[in-house]
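Number of protein chains: 2
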Amino acid sequence: MFGLPGLLCTVSLQCGSTPTKQHVDIYGPVGLRSFIRMSLEVSHSQLVFPYTVHELLPSEDQCPAEEFRDFSRYTRDCCSLSSDEQIIAADPTDGTYCLLENEQFTVKAFKLYHRIPSFGFVIDEKDRPGKLDVNKLRELGVPPGPLYGKLKLGSAVTLENGQTISPCDVVGDPVPGRKVCILGDCSGVTASGAARLCQDADLLVHEATLDDSQMDKAKEHGHSTPKMAADFANLCSAKRLVLNHFSQRYKPPGLMSEGDEDVTILKTQAENVLIGHSVILAEDFLTINIPLQKLS
Amino acid sequence: MFGLPGLLCTVSLQCGSTPTKQHVDIYGPVGLRSFIRMSLEVSHSQLVFPYTVHELLPSEDQCPAEEFRDFSRYTRDCCSLSSDEQIIAADPTDGTYCLLENEQFTVKAFKLYHRIPSFGFVIDEKDRPGKLDVNKLRELGVPPGPLYGKLKLGSAVTLENGQTISPCDVVGDPVPGRKVCILGDCSGVTASGAARLCQDADLLVHEATLDDSQMDKAKEHGHSTPKMAADFANLCSAKRLVLNHFSQRYKPPGLMSEGDEDVTILKTQAENVLIGHSVILAEDFLTINIPLQKLS
Numbered sequence: 008m009f010g011l012p013g014l015l016c017t018v019s020l021q022c023g024s025t026p027t028k029q030h031v032d033i034y035g036p037v038g039l040r041s042f043i044r045m046s047l048e049v050s051h052s053q054l055v056f057p058y059t060v061h062e063l064l065p066s067e068d069q070c071p072a073e074e075f076r077d078f079s080r081y082t083r084d085c086c087s088l089s090s091d092e093q094i095i096a097a098d099p100t101d102g103t104y105c106l107l108e109n110e111q112f113t114v115k116a117f118k119l120y121h122r123i124p125s126f127g128f129v130i131d132e133k134d135r136p137g138k139l140d141v142n143k144l145r146e147l148g149v150p151p152g153p154l155y156g157k158l159k160l161g162s163a164v165t166l167e168n169g170q171t172i173s174p175c176d177v178v179g180d181p182v183p184g185r186k187v188c189i190l191g192d193c194s195g196v197t198a199s200g201a202a203r204l205c206q207d208a209d210l211l212v213h214e215a216t217l218d219d220s221q222m223d224k225a226k227e228h229g230h231s232t233p234k235m236a237a238d239f240a241n242l243c244s245a246k247r248l249v250l251n252h253f254s255q256r257y258k259p260p261g262l263m264s265e266g267d268e269d270v271t272i273l274k275t276q277a278e279n280v281l282i283g284h285s286v287i288l289a290e291d292f293l294t295i296n297i298p299l300q301k302l303s
Numbered sequence: 008m009f010g011l012p013g014l015l016c017t018v019s020l021q022c023g024s025t026p027t028k029q030h031v032d033i034y035g036p037v038g039l040r041s042f043i044r045m046s047l048e049v050s051h052s053q054l055v056f057p058y059t060v061h062e063l064l065p066s067e068d069q070c071p072a073e074e075f076r077d078f079s080r081y082t083r084d085c086c087s088l089s090s091d092e093q094i095i096a097a098d099p100t101d102g103t104y105c106l107l108e109n110e111q112f113t114v115k116a117f118k119l120y121h122r123i124p125s126f127g128f129v130i131d132e133k134d135r136p137g138k139l140d141v142n143k144l145r146e147l148g149v150p151p152g153p154l155y156g157k158l159k160l161g162s163a164v165t166l167e168n169g170q171t172i173s174p175c176d177v178v179g180d181p182v183p184g185r186k187v188c189i190l191g192d193c194s195g196v197t198a199s200g201a202a203r204l205c206q207d208a209d210l211l212v213h214e215a216t217l218d219d220s221q222m223d224k225a226k227e228h229g230h231s232t233p234k235m236a237a238d239f240a241n242l243c244s245a246k247r248l249v250l251n252h253f254s255q256r257y258k259p260p261g262l263m264s265e266g267d268e269d270v271t272i273l274k275t276q277a278e279n280v281l282i283g284h285s286v287i288l289a290e291d292f293l294t295i296n297i298p299l300q301k302l303s
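Each protein sequence line maps, in turn, to chains W and H. My numbering puts the first sequence at residues 8 to 303. My numbering puts the second sequence at residues 8 to 303.
Just so you know, these hints were derived from the structure itself, not from any lab.
Per the computed footprint, the stretches of chain W lying under chain H, defined by three or more beta-carbons under 8 Å from a beta-carbon of chain H, are:
1) 10 to 21
2) 30 to 41
3) 44 to 53
4) 65 to 79
SDA-like cross-link-like pairs, simulated, lysine to any residue; straight-line CA separation at most 20 Å:
5) W/K246 with W/G200
6) W/K224 with H/L20
7) H/K226 with W/S52
8) W/K226 with H/G23
9) W/K258 with H/Q21
10) W/K258 with H/G23
11) W/K258 with H/L20
12) W/K224 with H/G23
13) W/K246 with W/V182
14) H/K224 with W/Q53
15) H/K258 with W/T17
16) H/K258 with W/Q21
17) H/K226 with W/G23
18) W/K224 with H/T25
19) H/K224 with W/G23
20) H/K301 with H/D207
21) W/K224 with H/Q53
22) W/K226 with H/L20
23) W/K224 with H/Q21
Beta carbons: idealized from backbone N, C-alpha and C, even for Gly.
Just chain W, with the same shape it has in the complex (with noise of 0.2 Å):
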């Protein structure tokens, strides 16, 4: 959170000193747009774009009581909502919210616990339509153009001669989209709904802040270990499990000082537990590649 009002300005020098029309909607819990505000007031800085900041309304039952702060307030106090900018309740059957679905995209959140309310993002790509099978569509006569696009989005045409060509006579299997979810501290999930939205997930980002050893602790401080991080990438039969968030005692092996522990062992608690799948530890910059499935 403390990095969002320098990423912003930093967007924003680099896209040179004209404003444009380009929007940025940043999604997060109440009591971040008034920071958002007051740090570019205070700072005096200007974007060039145009920004919304859409709040997550979190509930007591995300947290000990005793953290649980309502932060309202300050939407009340320093903000007034432009007609676009809204606080999101939750779903109440499942603790998800829906934050945006677009043409290419549907994203939700859900509630996780933690020492302060938490969430986890699903950024769930739509299905891409499938190839057009081109040797067909001359064998049924189909003239290549505007016809082409219409059945490959699922809209049947009726050629000169009067036959009408349905999609399924000449386009594939829909390419199916990719499903990447991300998890803030926790230690477990509050939303019923998790793990439905998590389902299959191409890549399943969870943090493990210490190791088996150390469970009752994690938990104390609304952290995971390992294990708890595969045992619900089973449950949502995630394809590949992120581990992050690892406490500054884990080192990697060549960095390790004297009360370091291996890095490593995250990885290994983690992969005794996940089912058919490897694990991978987060470090800065570290990019994954989630290839399209490919169809034939």
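Position chain H relative to chain W; hints supplied.
Frame of chain W; chain H shown alone:
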């Protein structure tokens, strides 16, 4: 400024979990206190040490009239000042601020001109007592022990035989304290007392955003060029000049792409103006040693 809440949290984490009485004092422009309080509150951060924010009151001559903002309402609205918190006004005669004075250091600040009010800071180490002339002390019959300390700290002592020994008889010249001056973004100083405060600085850190061929553009945006930095360094008889805050267009020779310029031009331009000293280009994690002056 954006990095400050994160820095405080990191320092706190490294202190362990036990509250400490070590106090942290933070100095910055009006508005900083509310920013820090809100950042720590909204992020539920708890520091193990107490901290105090001392705010410097800027004036309208530090920036273009249309950019000046009165942030004192933040102080009125959100923060009740604790007994040791203060808003520090500049000395009206010379635009300098007295921030701190203890046995080791004097820390002062002064007004700069920029797109928004900006400040320079001077850390001035006090002189250390000179070396005791042990041979002379023996000759004069001063017994080793507490009398040595008294003399070193500048008090005369009387021996059992009635003879009075004055510090100037047995203590060498004091070791001069070191002076470091760090200026924020600026196209010049507003404070008439700035050059006096920075006089004979061992190290002066001054920005040079653009090279001298872009001086008009630099000034227009409230920034400096190498010549401007070196002129101020000459005015102060600074012993070393460090340039920082280069525009992204300047890159080290090995890292230049199309459209980039060689950053060493900034060094050359400053050295063409700076009298008798070399210029250092700042880079991340650069460490500069300022040795204590060795006296004979």
